[in-house]
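Given the coordinates of chain S, assemble chains L and E onto it according to the supplied hints.
Okay, here's what each chain looks like letter by letter:
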Amino acid sequence: MAKKILIADDEANIVASLEFLMRQKGYEVRVAGDGAQALAMVAEFAPDLLLLDVMMPQLSGYDVCQRIRALPDGQRTRIIMLSAKGREAEVSKGLAVGADAYVTKPFSTQDLVARVAQLLGE
Amino acid sequence: MSKSPLSIQRLVAVFLAGVLLLDYPLLPLFNGAGTWFGIPSLYAYLFLAWAILVALIAAAVRHRGPP
Amino acid sequence: MLSDRVVIPAALAYLGALFALAYYADRRADRGRSLIANPYIYALSLGVYATAWTFYGSVGRAAANGVGFLPIYLGPTLMMALWWMVMRKIIRISKAHRITSLADFVSSRYGKSALLAGLVTVIAVVGVIPYIALQLKAVSTSYTILVRYPEIAMPAQAAATPIAADTAFWVALVLAAFSILFGTRHLDASERHEGLVAAIALESIVKLVAFLAVGAFVTYGIFDGMGDIFGRAAASARLAPLLAPLAVTGAYSSWAWLMLLSALAIMFLPRQFQVAVVENVDEDHLRKAVWLFPLYMLAINVFVVPIAFGGVLHFGADAVDPDTFVLTLPMARQQPALALLVFIGGLSAATGMVIVETIALSTMVCNDLVMPVLLRLRPLRLAERADLSRLLLAIRRGAIVAVILLGYLYFRLAGDAYALVAIGLISFAAVAQFAPAVLGGIYWKGATRRGALAGLAAGFAVWLYTLLLPSFAKSGWLAGGFLRDGPWGVALLRPHEFLGLTGLDEITHAMLWSMIANVGAYVAVSVLTRPGVAEQAQAARFVDIFRHGSEGLAAHLWKGSASLPELNALLARFLGPARAAAAVAEFAQRRGLSAPAQLAADADFVHFAETALAGAIGGASARIMVAATVNEESLSADEVRAILDEASQLIAYSHQLERKSSELEAATAELRAANARLQELDRMKDDFVSTVTHELRTPLTSIRAFSEILHDNPDLDAAERARFLAIVIKESERLTRLINQVLDLAKLDSGRAEWTVAELDLKEVIDEAISATSQLFRDRNVALDTHFDGNAPRVHADRDRLMQVIINLLSNAVKFVAADSGRVVVALTAGAGELRVSVADNGPGIPVGDQATIFEKFRQAGDTMTAKPHGTGLGLPISRQIIEHFGGRLWVENEAGGGAKFVFALPAGRPADAAA
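Chain order of the listed sequences is S, L and E. In terms of my numbering, the first sequence has 90 at position 81, counting the first letter as 1, and numbering is strictly consecutive. In terms of my numbering, the second sequence has 61 at position 5, counting the first letter as 1, and numbering is strictly consecutive. In terms of my numbering, the third sequence has 866 at position 748, counting the first letter as 1, and numbering is strictly consecutive.
The shape of chain S in the complex, shown without the other chains (with noise of 0.2 angstroms):
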């Protein structure tokens, strides 16, 4: 059975490599428009893990992370963080808050699927 990621970005372009990339490998793709959405999503959809960007309209990337982490099966969704803010406070803050990969933009895609299949286990 495919593994399930959900892809949560605010920005149409980034989501479209994002899930062009995901789909390549055979990952069943979900896609959120903002941080209350993705929250939602991650309840229902359950993904195996989620490319999480941070700066979203409504709840941030550090917010949605941080409530994930927070829920009773919180632990089991690997997450990496996507951010065009790349300095180290942001960082460190990113991986305080609970994420497994902290990846800034741009990002190389190959690194990016490598990343993600290394934290799937494959």
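Just to be clear, a hint being listed does not mean it is correct.
Derived CB-CB ranges, DEER-like [claimed, not checked]:
#1 Tyr158/E <-> Leu76/L: 42 to 52 angstroms
#2 Phe137/E <-> Ala69/L: 29 to 39 angstroms
#3 Leu76/L <-> Asp342/E: 31 to 41 angstroms
#4 Gly869/E <-> Ala55/S: 56 to 66 angstroms
#5 Leu76/L <-> Glu684/E: 54 to 64 angstroms
#6 Leu76/L <-> Leu619/E: 32 to 42 angstroms
Derived DSS-like pairs: lysine-lysine, alpha-carbon spacing no greater than 27 angstroms straight-line [stated by the list, open to error]:
#7 Lys803/E <-> Lys94/S
#8 Lys848/E <-> Lys94/S
#9 Lys94/S <-> Lys975/E
#10 Lys102/S <-> Lys563/E
#11 Lys592/E <-> Lys207/E
The set of hints was computed from the structure by calculation and includes no laboratory data. Because the structure is a prediction, the values reported are computed rather than measured. Where is the CB? At the ideal position from N, CA and C, for every residue including glycine.
Coordinates of chains L and E only, in the frame set by chain S:
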């Protein structure tokens, strides 16, 4: 210095005003110039000027200068 | 009904009650809970100025010449305006030097001269004796009249009665006893008498109440108000001239001289110096006293003229002495209780004066006249006696009795010849002689001891000749020809018309000549003589009291060696062992030492000992005693001058330092503020860079991702390939736009932007901007309306920049309205001196809280942390900068029916800075 130059200037001004109010150039104007409310003008004027002077002194010292 | 069996017990009971109050206040003071440490008591104690002379004599003077008594109170009122300067300085000096009397003050200023102290004492005693006589006369007269109630009879001439039957003699003895009780129960180093001050303050209240009571009784009880009295006076041949009393020749010069005289008396009468300076607890009390005290005088004088005129109207001319109207009017109207109250009020006025005056004089006589002589009489070997404090008390008590008896003697000799007011003025003129030496001494460093001696002696001599001797002559004690023809028949020397000066009343005449002699000799001799070493030091300490603290300089000015045990023994001898030990212990504590034994007999300690001693025996005697105890090296005049110069340089330096340090503080504060501003700017720049980076990376992310996808997947189908390439192109455009705007903003911020200013028609610019954005409107199917004011003037601006602004506003509007139902209205209106362009939409509007922030860089409506910008976030800040460059304003308001309306206003014609 503990002096407040401002209040001292005011007090000197009050003193000079008092000398003017209570002395030669003004007093003859009221000497024998009828009565105010039944009181001879000179008497009424002197007590009035006196009261005003006391009030002016009180006002001048009330201001506390910078310590 | 008012026999001596009622009056005497009442008077003694009143005095006893006063003494009880004084005793209680002293006890409170000993326990540290002072009764008198407030400005109201201080102001009331100054009311000792109002004596029996005010209480009885003012009415007498008013009956004789109308307003003539008023300058006695107007002068002090004027002087009060200057007290905050002058009296505060005198108080400050006196506290620093432990000065306890006027004689001490003058002598201290001029190098602690014993001779000067003695001269001041003699002048004070001789000058004030007539004044004391006046009080005795007032009390005995009022008593004699009162006990004859209900009959009203003027007392017989005093000189005719034998001493033992003379009421005044017994009054003198009683007053002497009370003065001794109040003032010399024990010796106090500071010469302060808290109980006395409390009693004096109460007496001030009693005499005011008594006088107001009789005033109200006469004005409203006997007559029908002031209007009635003055109306009847106008109809009376005797009183009518007094309604305009100043028409007499010389009236105005008498008036002015009396004001000057009393203005000086309020400072230099020994009793006034005692209550105002020596008994002062806190110099800040002056702040209230300077207006409360004149208010007191105003109140006690309101009824003087009504009583005087009422008395004349009631008794007719000359049947009753006007000096007694206060008492005789209630008696004539059968008001024994009121008459007794008046008597007590008059007794208050007289006793207050006599007690304070004799205590002040006894301090002077003891410290400045008797002790210096005794200490110099070798056979007495007084300087070696163990405890002199009892001797000091005995001398003071003797002095009190002597002064009062001298007053009685004057009363017997001259008392009958004068009305009360005339006697008082003789004393005023005597103490006025102190004015040049004291006032000159605190403001003029050049004044010398010899100058002060010459001035005082000359002034006093003239006073003796023109006022005191004539008072004896008038009473027949000197041959009458002395007054009429001058001594030895020389008319030019006539005491009341000296050198042929006529047309002045005797007080004005005496004041004129004595002040010429006094001030002339003081200034001339001061200028001609050089001050001695000690004088220079004291002059500097007095004149510059507000600049030097007080301590340091004096110690600098002493050189020599001393022994601690000897100085301690000296203090014990004059202060008594217990108080001396306490004073030394306190001094040691002040210097941070744990025990008095650790003290060194250095210059500071010698200075302390001398000051402490001065409090008990006066500055001049203290100087003699200390000089006899320690080995002093006399400083040369040059050394003193050098020290004083150094001190004043030090003061100048410290003032400079003070100024510099406050300047530095101000500069530091400015720097701190500038630093905070810089840090804030730095933080803003950091945020800006970080935000720009973020904004640049977002399109770059899409571009890189799709480029890699296209690169890694050569087998993608054509449609998908085209879609991905379109994304890459679109994001590249976004990136370009962003970079351009950042550069644009940087240029605007730094002022390096180029402007092409021309006169242009805004309508055309708007039209052009509309056509440039028409595609956007078509894409989202948004309606666009225009309203142009037909006769809008042209403006001076940069065409391309204005276009940029309008395009920005239009593209914002079209972005925020709903597709299909959106509607945007562009309007151009001409207003007062300006043109307005507005772009209104029917979108969601902008929350009021965000209306300011949307014009900041990278800030858009909504939470900045989570809101993804719809554009670059730089359009509005750039637009605002452009509009402001042309002297205009750009703002946003919400439309009534929802939606936002962006408006900019440009000044019509050529704005001042358009060329910049």
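Hints versus structure:
no. : hint                                     : result
1   : Tyr158/E <-> Leu76/L: 42 to 52 angstroms : violated (30 angstroms)
2   : Phe137/E <-> Ala69/L: 29 to 39 angstroms : violated (45 angstroms)
3   : Leu76/L <-> Asp342/E: 31 to 41 angstroms : holds (36 angstroms)
4   : Gly869/E <-> Ala55/S: 56 to 66 angstroms : holds (58 angstroms)
5   : Leu76/L <-> Glu684/E: 54 to 64 angstroms : holds (59 angstroms)
6   : Leu76/L <-> Leu619/E: 32 to 42 angstroms : violated (27 angstroms)
7   : Lys803/E <-> Lys94/S                     : holds (16 angstroms)
8   : Lys848/E <-> Lys94/S                     : holds (22 angstroms)
9   : Lys94/S <-> Lys975/E                     : holds (18 angstroms)
10  : Lys102/S <-> Lys563/E                    : violated (77 angstroms)
11  : Lys592/E <-> Lys207/E                    : violated (41 angstroms)
Against the hints set out earlier in the document, violations occur for numbers 1, 2, 6, 10 and 11.
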